[in-house]
Amino acid sequence: MLCYNDSNMRNERLDVTMLSEELTEPALTVSGLWLSYPDRPDVLQNVSLKVMPGERVGLIGPNGAGKTTFFLGLCGVLKPSAGEIVVLGNPVVNGDFRPEVALVFQNPDDQLFCPSVWDDIAFGPQNMGLSKDEIEVRVTEALSVVGAVELADRPSHRLSEGEKRIVSIAGVLAMHPRLLIYDEPSANLDIRSRRRLIRLLQASKETILIASHDLELVLEVCNRVVLVDKGCIIADGDPRQVMGDDKLMVAHGQEKPHSLIPHRIPHHAL
Amino acid sequence: MLCYNDSNMRNERLDVTMLSEELTEPALTVSGLWLSYPDRPDVLQNVSLKVMPGERVGLIGPNGAGKTTFFLGLCGVLKPSAGEIVVLGNPVVNGDFRPEVALVFQNPDDQLFCPSVWDDIAFGPQNMGLSKDEIEVRVTEALSVVGAVELADRPSHRLSEGEKRIVSIAGVLAMHPRLLIYDEPSANLDIRSRRRLIRLLQASKETILIASHDLELVLEVCNRVVLVDKGCIIADGDPRQVMGDDKLMVAHGQEKPHSLIPHRIPHHAL
Amino acid sequence: MHIPDGILPVPVTAAGYAATAAVTWYSVRKINKKENPRQDIPKASILTAAFFVVSWIHIPVPPTSVHLVLNGLLGAILGYFAFPAILIGLFFQAVMFQHGGLTTLGVNAMIMGLPSLIAYFIFRLRKFGDKESRWKTGVFGFLSGAIALAISVAMFLVILLTNIPADLDVGTERAAIYTLAIAYLPLIAIEGFITSLLVVFLQRVRPRILDGV
Amino acid sequence: MKLGIVDEYSDLGSLLHRWEPRCKLIGLMVLIFAFSFIRDLRMLLAMVVVSTTIYIVSKLPVSFILRRLRYPSFFLLVVILTLPFVSGQTIIMSIGPLDLRQEGLIAVLLIATRFLSILTIGLILFGTAPFLNTIKAMRALGLPAILADMVLLSFRYLHEIGSDLQKMRISMRLRGFDKHRFSTRALSIAAWLGGSILVRSYERSEWVYKAMILRGYGHAPPPRGEFQIHSRDVITLGVFLLTAAGFIAGDILYGHGVDALLQ
Ligand SMILES: Nc1ncnc2c1ncn2[C@@H]1O[C@H](COP(=O)(O)OP(=O)(O)OP(=O)(O)O)[C@@H](O)[C@H]1O
Ligand SMILES: Nc1ncnc2c1ncn2[C@@H]1O[C@H](COP(=O)(O)OP(=O)(O)OP(=O)(O)O)[C@@H](O)[C@H]1O
Ligand SMILES: [Mg+2]
Ligand SMILES: [Mg+2]
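Protein chains in written order, with this note's numbering: chain A, 1 to 270; chain B, 1001 to 1270; chain C, 2001 to 2213; chain D, 3001 to 3263.
Sample of chain C residues at the chain D side, in silico, Cβ under 7 Å:
1. P2004
2. K2043
3. I2046
4. L2047
5. T2048
6. I2088
7. F2097
8. Q2098
9. I2194
10. L2197
11. V2205
12. I2209
No lab work stands behind these hints, which were simulated from the structure alone.
Glycine included, each C-beta is placed from N, C-alpha and C at the ideal position.
Model the full assembly from the supplied sequences, consistent with the hints where possible.
Printed below as a string of structure tokens:
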């Protein structure tokens, strides 16, 4: 009886654990990751990171810190020299096609490789083997999420910089990714397009990683920030805490964002 | 006697006027300028602007406002459909080479095409027909002004984004321009390189025009700001005044810079 | 140096299309034999566009200016992708600029593309013997650029002048071919010289490009 | 360099615009080849009538074709100025040292008419549908996948790279480079400029490849069934094929006008 009871209880406990583990299974687990280029070893050194579903993580750090390299590793484009990457429960295998992980490149021109907007957004769904109708639905839906339905028939090379950015995001959204990685999303945008992008990021429900030098954007969008320098994680925590730490920021080539600095100059607004 | 005296006085007065006119001759006078592209008329409409020597003017405005177009007009690349541009006392003639006017492109790759940094910086002076020694002097001097002497022998194509920017600036500085025009100088720079650029801009003695979406940079560098939208000048004045005007800024797709906004969030700095 | 529509008789243009189809088939087969043929497609395509653009650069040769043909360099860099690349370039040229022609696409592709493949084999020779030096790259760059253009010029003149609807007498024809060929000599020299400067530049700045697609 | 945009009037909605792209491609290409076959002077006249009629039906504005004649007219001028004086034996008249020959004149007439007619049909072919649709039609007709991918990708980046070159040229000019002056330095700089474009494009291609595989490049066969053929498309195709056959037959049956003259 006791034995039975015990086992019963154990089972229950086990179930609960499993359930809670299911619920809190990390969206991304990186452990002991080392990444290199053929002509440049150890760009990323022993990086470990765990991101929970729904988190919005900002990656900050100077040029050459290894942010883009890290992202390429996460997507399986770059083969790690050591370490493991697990995305949504499945290890990332170099060269596999994982539509649930999407990377938005720094330069939208690299990503908009199809000659027309519609083709470009349909490219991912087509390769996922969806039917014609499903593709149609996905494209329309992705375009309406980013608010660019009217661009569908335009040739990619005649879009403005801000439109290109928006369309390249729609192109990955159409694959219904669950982990979305943005590399410098606000580069080259004017203020209006940047604001539109921030709204889009704030409204999105996916787990998000953003590398950016635009610290104000990180502050507005992310609920966690990771500071990287020379291929190592230097700090990891609450954006206000990390980016408010003047000494830390300056030591790694950053600056405290203006909105965290006391307002000294009187302003002349209405 | 009276007559003589009078004329003498007049002469004196005249001299003074001439002297003061000499001193305050504008570096740039644009009057009633209209610019068009073959397939897009009236990108710039009846723009007039006067910039005094030593002024640092920031040009702000949304994508497509016509900032780059304006700059191409100033350099004589684009032929005005109407209006006149006078730079340093001489009217700009379409197609003329004016070494005293220099344009730094938004994308440094557009400016760097020589096999080494040295060649790239020597390109302008060579075209000016300077002697070998003079060229040597100019290149070394330009490199030391921007603090990049150690880059001289590197291939330009393998520099980091920040280094490329610095080298492309050195490339135009070597021609000893007196009017320097920067198109989006801080695009794609990390925070450290941006800070370095701001220092460089603050220290420079030339008359400067900067188009930028980086309003904090404009605020730190410029002593005058011009807001452009849809090819017209909307506002022109003190940076704090213009950029602090919330209503005006938002109406033209801008945002008040963070450093002009009262600090509401408690900060966690040391 | 493209033959326009309307000059060549149908048997010649048809033969051009047939030969082009054969060489394209052969190139595609060679490409598909590679370990990862897909990896090279973006590279080859974007470089195709780049070559097309680079051929717009005008070189001042008093009293006029010439533009580069670049089929030698294209072969040296793109290897078996060179022929499809040239075919695509000619197609764009015919459709966008009405330069060349639709019926003569096959003939023109042979005129430009075959020498380009020859240039590929010439440029590969630089790897033989002792270590690859900048000097050696330059020499083989010159050879591939100049020889490719020379063969193209020869093919162009022979095909054009032997197929004009009205007969020229043999003497006039030969004289014309020789005169025009001599007129092309400086262009061939310039093409070779610039190709050699260009490959040396690439070797210095981004040697990977020269290792082929 | 401004790229010749050939599909700026692709939305006019004429009979030719509505024609299914694969049928249009076959029909017009066959007609083009039939035109290049013609040697008979009477057939030349018919050719002009037919191509003009099709152009009118296509609703393309006259300015569209006129603007595109600038480059080819240079070629025509060369032909007109040389052939009549060097080709053939029958001398019609002598202008100073030059002999105007009949065979040459007829050859010029032949070449120029065929050239202009083919050019017209070619412009109609590529001007009455978005360029991309025409490429897709080629793919659907069996253009090898590698070639189709290459055409689409290089078309996409042609504009980017073209504007790269344009900006680099402006930046050179602003630093005093005179592109009209010949020197060995000018040759080096041309080579460097070309090399830089290649390097930039090469780097771009590496990023593009990454972006493509991340969206599953190569995981699905190219799309099928993009176009739908209706019976009126087939009927139109039939009309065009018959016209082409008519031209060839006409030329073979009666076509000794020029040949006889050239004998
Ligand atoms: N393809 C490559 N081959 C060799 N080295 C590379 C390559 N790409 C990047 N590197 C090097 O790896 C390091 C990390 O680069 P990475 O692009 O990841 O930095 P980053 O943090 O994304 O910088 P940025 O803010 O400029 O985007 C740099 O030193 C860079 O020079
Ligand atoms: N070469 C061109 N041909 C035709 N139109 C052009 C060309 N270049 C720019 N335009 C158009 O002219 C307008 C002004 O463009 P411009 O590049 O001057 O804007 P901008 O203020 O510099 O914008 P950004 O902040 O994006 O740099 C835009 O509507 C643009 O589409
Ligand atoms: Mg990066
Ligand atoms: Mg601009």
